[in-house]
Amino acid sequence: MSEAEKEYRKLGLKDNEFLKIIEYLGRKPNYLELSIYSVMWSEHCSYKSSRALLKNFKATGKYVLQGPGENAGVLDIGDNQAIVFKMESHNHPSAVEPYQGAATGIGGIIRDIFAMGARPICSLNSLRFGKLYNDEHQRYLFEMVVKGIGDYGNCMGIPTVGGEVYFDDTYKGNCLVNAMSVGIAQKDKLIKSKAFGTGNFLVLIGSSTGRDGIHGATFASDELNEESEERRPSVQVGDPFMEKVVLEVCLELIDKKMILGLQDMGAAGITSSSVEMASKGDVGVDIDVAAVPLREASMVPYEIMISESQERMLALVDPSKLSEVKAVCDKWNINCERIGTVTDNGLYRIFKGRELLGEIPVKTLTDEAPVYHHKYEKPKYIDGTISFSLAENDYAGLLKKYSHNEIFKKMISSPNICSKKWVWEQYDHMVQTNTALLPGHDSAVIRIKNTSKAIAFSCDGNGRYCYLDPYKGAIIAVAETARNLACSGAVSMGLTDCLNYGTPEKPGIFWQFKNSIDGIIKACEELEIPVISGNVSFYNESFGKAIYPTPIIGTAGLIADVKNLVGMDFKDNGDKIILIGNNDKNNDPENDGIGGSEFLELFFGKVAGKCPDISLDYEKKLDNLCIDLISDGLIKSAHDVSVGGISVTIAECCLSGKKGARVNIKAETVDLLKYLYNENQSRIVVSASQSNLKLIGDRCSKVNIQFQEIGVIGGESLIINEEIDVDVNEIIGLYNSSIEKIMSK
Amino acid sequence: MPSRKKPYFGILVFPGTNCEMDCYHAVKNLLKVDCKYIWHKETKDDDINAIIIPGGFSYGDYLRSGAVAKFSPVMSFVRDFAQRGGLVIGICNGFQILLEENILPGAMLRNNTLKFICKYVSLKVEDINNPFTSGYKAGEIIKMPIRHNEGNYYIDSIGLARLKENNQILLRYGDADGNINSDNNPNGSIENIAGICNEKRNVFGLMPHPEACCEKILGSDDGLKIFRSMIGSIL
Chain A
18 MSEAEKEYRK LGLKDNEFLK IIEYLGRKPN YLELSIYSVM WSEHCSYKSS
68 RALLKNFKAT GKYVLQGPGE NAGVLDIGDN QAIVFKMESH NHPSAVEPYQ
118 GAATGIGGII RDIFAMGARP ICSLNSLRFG KLYNDEHQRY LFEMVVKGIG
168 DYGNCMGIPT VGGEVYFDDT YKGNCLVNAM SVGIAQKDKL IKSKAFGTGN
218 FLVLIGSSTG RDGIHGATFA SDELNEESEE RRPSVQVGDP FMEKVVLEVC
268 LELIDKKMIL GLQDMGAAGI TSSSVEMASK GDVGVDIDVA AVPLREASMV
318 PYEIMISESQ ERMLALVDPS KLSEVKAVCD KWNINCERIG TVTDNGLYRI
368 FKGRELLGEI PVKTLTDEAP VYHHKYEKPK YIDGTISFSL AENDYAGLLK
418 KYSHNEIFKK MISSPNICSK KWVWEQYDHM VQTNTALLPG HDSAVIRIKN
468 TSKAIAFSCD GNGRYCYLDP YKGAIIAVAE TARNLACSGA VSMGLTDCLN
518 YGTPEKPGIF WQFKNSIDGI IKACEELEIP VISGNVSFYN ESFGKAIYPT
568 PIIGTAGLIA DVKNLVGMDF KDNGDKIILI GNNDKNNDPE NDGIGGSEFL
618 ELFFGKVAGK CPDISLDYEK KLDNLCIDLI SDGLIKSAHD VSVGGISVTI
668 AECCLSGKKG ARVNIKAETV DLLKYLYNEN QSRIVVSASQ SNLKLIGDRC
718 SKVNIQFQEI GVIGGESLII NEEIDVDVNE IIGLYNSSIE KIMSK
Chain B
-17 MPSRKKPYFG ILVFPGTNCE MDCYHAVKNL LKVDCKYIWH KETKDDDINA
33 IIIPGGFSYG DYLRSGAVAK FSPVMSFVRD FAQRGGLVIG ICNGFQILLE
83 ENILPGAMLR NNTLKFICKY VSLKVEDINN PFTSGYKAGE IIKMPIRHNE
133 GNYYIDSIGL ARLKENNQIL LRYGDADGNI NSDNNPNGSI ENIAGICNEK
183 RNVFGLMPHP EACCEKILGS DDGLKIFRSM IGSIL
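Heads up: the sequence lines are chains A and B, in that order. Using our numbering, the first residue of the first sequence is number 18, and each one after it goes up by one. Using our numbering, the first residue of the second sequence is number -17, and each one after it goes up by one.
Hints in this document: simulated from the structure, not taken from any laboratory. None of these values were measured; they are calculated from a predicted model. Idealized CB from N, CA, C, for every residue including glycine. Be a bit skeptical, because a hint or two may be false.
Computed beta-carbon distance windows for the label pairs [as the list claims (entries may be wrong)]:
{"id": "1", "chain 1": "A", "residue 1": "Lys580", "chain 2": "B", "residue 2": "Gly160", "range": "49 to 55 angstroms"}
{"id": "2", "chain 1": "A", "residue 1": "Gln203", "chain 2": "B", "residue 2": "Tyr19", "range": "15 to 21 angstroms"}
{"id": "3", "chain 1": "A", "residue 1": "Lys580", "chain 2": "B", "residue 2": "Leu217", "range": "27 to 33 angstroms"}
{"id": "4", "chain 1": "B", "residue 1": "Lys(-12)", "chain 2": "A", "residue 2": "Ser340", "range": "38 to 44 angstroms"}
{"id": "5", "chain 1": "A", "residue 1": "Ser706", "chain 2": "B", "residue 2": "Gly160", "range": "32 to 38 angstroms"}
{"id": "6", "chain 1": "A", "residue 1": "Asp186", "chain 2": "B", "residue 2": "Asp157", "range": "37 to 43 angstroms"}
{"id": "7", "chain 1": "B", "residue 1": "Asp157", "chain 2": "A", "residue 2": "Ser718", "range": "45 to 51 angstroms"}
{"id": "8", "chain 1": "A", "residue 1": "Gly591", "chain 2": "B", "residue 2": "Ala158", "range": "55 to 61 angstroms"}
{"id": "9", "chain 1": "B", "residue 1": "Ala158", "chain 2": "A", "residue 2": "Lys72", "range": "33 to 39 angstroms"}
{"id": "10", "chain 1": "B", "residue 1": "Lys26", "chain 2": "A", "residue 2": "Thr215", "range": "45 to 51 angstroms"}
{"id": "11", "chain 1": "A", "residue 1": "Gln725", "chain 2": "B", "residue 2": "Ala158", "range": "34 to 40 angstroms"}
Calculated lysine-lysine pairs in the BS3-like style (CA-CA distance at most 30 angstroms, straight line) [said to hold, decoys possible]:
{"id": "12", "chain 1": "A", "residue 1": "Lys523", "chain 2": "A", "residue 2": "Lys72"}
{"id": "13", "chain 1": "B", "residue 1": "Lys52", "chain 2": "B", "residue 2": "Lys119"}
{"id": "14", "chain 1": "A", "residue 1": "Lys580", "chain 2": "B", "residue 2": "Lys(-13)"}
{"id": "15", "chain 1": "A", "residue 1": "Lys691", "chain 2": "A", "residue 2": "Lys638"}
{"id": "16", "chain 1": "A", "residue 1": "Lys204", "chain 2": "B", "residue 2": "Lys18"}
{"id": "17", "chain 1": "A", "residue 1": "Lys206", "chain 2": "B", "residue 2": "Lys52"}
Produce the entire structure from the sequences given, and follow the hints as far as they go.
Written out as structure tokens, the structure is:
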């Protein structure tokens, strides 16, 4: 094999893929063409391992204006307004260069939003790291990722309003950085990315092109190992100020109807953006690399074509409008260069001036790219983990070691449970003055000015559940977001997902992936939530070990009247605490809800057992009930039971409202442990005044949802069955300072 | 400028400004007062009688917050406007720019936490004899959000003595009971200073964001009185 032929392997192409290229071209590709194929056929750009399964997602529904296939999905929220959102991963770059990796992840997802003609109104993120305690490197990653997200979003003036963070050593060598961005647009100002109209121009707007991020898409499509550190130059460098300017320019161009289409330049830069525009419009495109503004004059064509320099957009412009477009860019002092032209020959041609450097049929880079149907097989570990459960004397043994009080305090101090205040205080979460619910509640709530509406968002995903049972775990991820939204009185409208897995060629990994997809499909169908956008991240492995399968779901909900908003905080002394839901009757009697729980991991060091059960039919009834109770003003707070169990839920209601409570559970001491810390699904803790109690009870029984009065708000402490008795100020102290204490080590 | 006319606010917009729409919303939509944006390349404006320099990252602020903004064309207009006695309020990045411009005394250092801080804080209104805080009661405790990386205000001892002598310290960080000490100083600023005015009392710089707390749904509406005070002093 000649040197030249081995090049394709270095670029990440497989032998059969190289042969396919020769077949498509009828000749051997030159290096530029090979580079273009390698990035377009990378897993990152082509979704070649996931495409066949992803098309089973249901993407239609009463709110949906745009499903997957554009830069982001779009939902109709009435009044000629639409919200645009998507979630994307930036795991690999963040693992080797956490600050820039995370920052450019934010930059990328924000561009996807304004590429649709929407003004970004908020961001959320979902982060996973190894445990922080005793691990300086994990603390460094966490610190720098948070700083990267903050610096970028803060400068952009886009509030980062919510998200979640979990720590588990499965993510030690491969942290997860999933970012979701949301925008709002006038429905009639939405813009698409397809190229059309022979002779129309492709105009590059924004930063000059440099050598950063070359082969980033290929890098993101490989496992991490010792050599990954050398890939640091593959990580892009962000400039949020430039992006802010690009954002304003693009929105102005759209508002003034000066451009016909817009596409973000993300992975694989000029190549993927122009190829995707051409492919969607079934047209050809000529690109002139000599027209691209460069940071380094010595850059060669393939570098220019696949550079992932940030803060660049590609616009489709009618030739007669070019001077107007340039004038807007001049006002903002940014580059605006015509780098391409739409043709009708279906070819992707690269020129340097008049010299033709490469010629590829557009569709061979997109629709005709390879699709893989990987083998899948249930991994061996599953049979081992599923049969595990704690014995009675395990619980008794724990109670010999620690009192109920001590166990409770350890739980609320766990980094997986405690306040993420350390994170969100570094994010500007109030700019744009729409944040109706400050971070720390079940969902983030953004009011829409000049209307009574608000939009709520929740991000969630539990890798432990998915490790034990990827199907049920994925269902729970969707259900959890819907329940979080219901706790804010919001009706789920649609979701975006970010699917993080190991290497898809491994049958066990692909089994996890396939089962999670099936779970998401099932949950979306039953809960009537369409999937409108998303992203898949494979190869999340380091040194051969995969992360837990971690699908992250980001769901958007609509609140009809924001004045009914309740948070999770307990409001008034004397109000009753009620548990609604409790689907024990639907559960497998063998399933105690302790499998995969924080309690099990924290005190027994195990991620094992059965993933909690869930009945979607029941969940839907519960969520609708909660939304009704809020909109009818019957309850004053609502908070769902999730990681950590009901004790944590009640503690959070107490600390956010700075109120004590007295709770009585009918359970003996060992059973009390199970009761307090199991993570059974479909339960919401609400509070209400005594006078509404009967009405709430009636509402519950009408829809066959269990109703149980479990306590009363008041006093200085949270007291549960006389076994737990902790001053609320102490709870606040432990809960709020836990991460800060670890980080200031 | 004419001394008596309808209030008309001008809001400066640098390319990296990001709170201009929030200020606009507060003044125009909530207080129903005329308002317009003034692009950083402008050099004059005869309509307005109050200027807001909003928060954000003027020109990216990669060098030092506000350090580049002072060279922009619009700032010579602002300087001139202030000299003629026009009302100028600089919020967050706007405060940083006024310091860089030497329109207000002192300098801004990085937060002593070395982190960006976004949270609600309690402030004590230290002076009400000025056009910006006249709507509050003296000593009133108010709640406003801070959102900055560089809010650690510093001034030398001579400058500090002058600020005190002339009652130029308008806002201090404190707790909900009005205690002012290092425990409730979020960023390390000298003597918990959150906002100061110039000697002529027509220019005000503050780190907290009054425009972000003008409606109860946002957690506080204590910021409204700042703009109301300004409007009242123009009328």
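Against the structure, the hints come out as follows:
{"no.": "1", "hint": "Lys580/A / Gly160/B: 49 to 55 angstroms", "in the structure": "violated, 32 angstroms"}
{"no.": "2", "hint": "Gln203/A / Tyr19/B: 15 to 21 angstroms", "in the structure": "holds, 20 angstroms"}
{"no.": "3", "hint": "Lys580/A / Leu217/B: 27 to 33 angstroms", "in the structure": "holds, 32 angstroms"}
{"no.": "4", "hint": "Lys(-12)/B / Ser340/A: 38 to 44 angstroms", "in the structure": "holds, 39 angstroms"}
{"no.": "5", "hint": "Ser706/A / Gly160/B: 32 to 38 angstroms", "in the structure": "holds, 33 angstroms"}
{"no.": "6", "hint": "Asp186/A / Asp157/B: 37 to 43 angstroms", "in the structure": "holds, 40 angstroms"}
{"no.": "7", "hint": "Asp157/B / Ser718/A: 45 to 51 angstroms", "in the structure": "holds, 47 angstroms"}
{"no.": "8", "hint": "Gly591/A / Ala158/B: 55 to 61 angstroms", "in the structure": "violated, 24 angstroms"}
{"no.": "9", "hint": "Ala158/B / Lys72/A: 33 to 39 angstroms", "in the structure": "violated, 56 angstroms"}
{"no.": "10", "hint": "Lys26/B / Thr215/A: 45 to 51 angstroms", "in the structure": "holds, 47 angstroms"}
{"no.": "11", "hint": "Gln725/A / Ala158/B: 34 to 40 angstroms", "in the structure": "holds, 36 angstroms"}
{"no.": "12", "hint": "Lys523/A / Lys72/A", "in the structure": "holds, 21 angstroms"}
{"no.": "13", "hint": "Lys52/B / Lys119/B", "in the structure": "violated, 34 angstroms"}
{"no.": "14", "hint": "Lys580/A / Lys(-13)/B", "in the structure": "violated, 37 angstroms"}
{"no.": "15", "hint": "Lys691/A / Lys638/A", "in the structure": "holds, 26 angstroms"}
{"no.": "16", "hint": "Lys204/A / Lys18/B", "in the structure": "holds, 26 angstroms"}
{"no.": "17", "hint": "Lys206/A / Lys52/B", "in the structure": "violated, 36 angstroms"}
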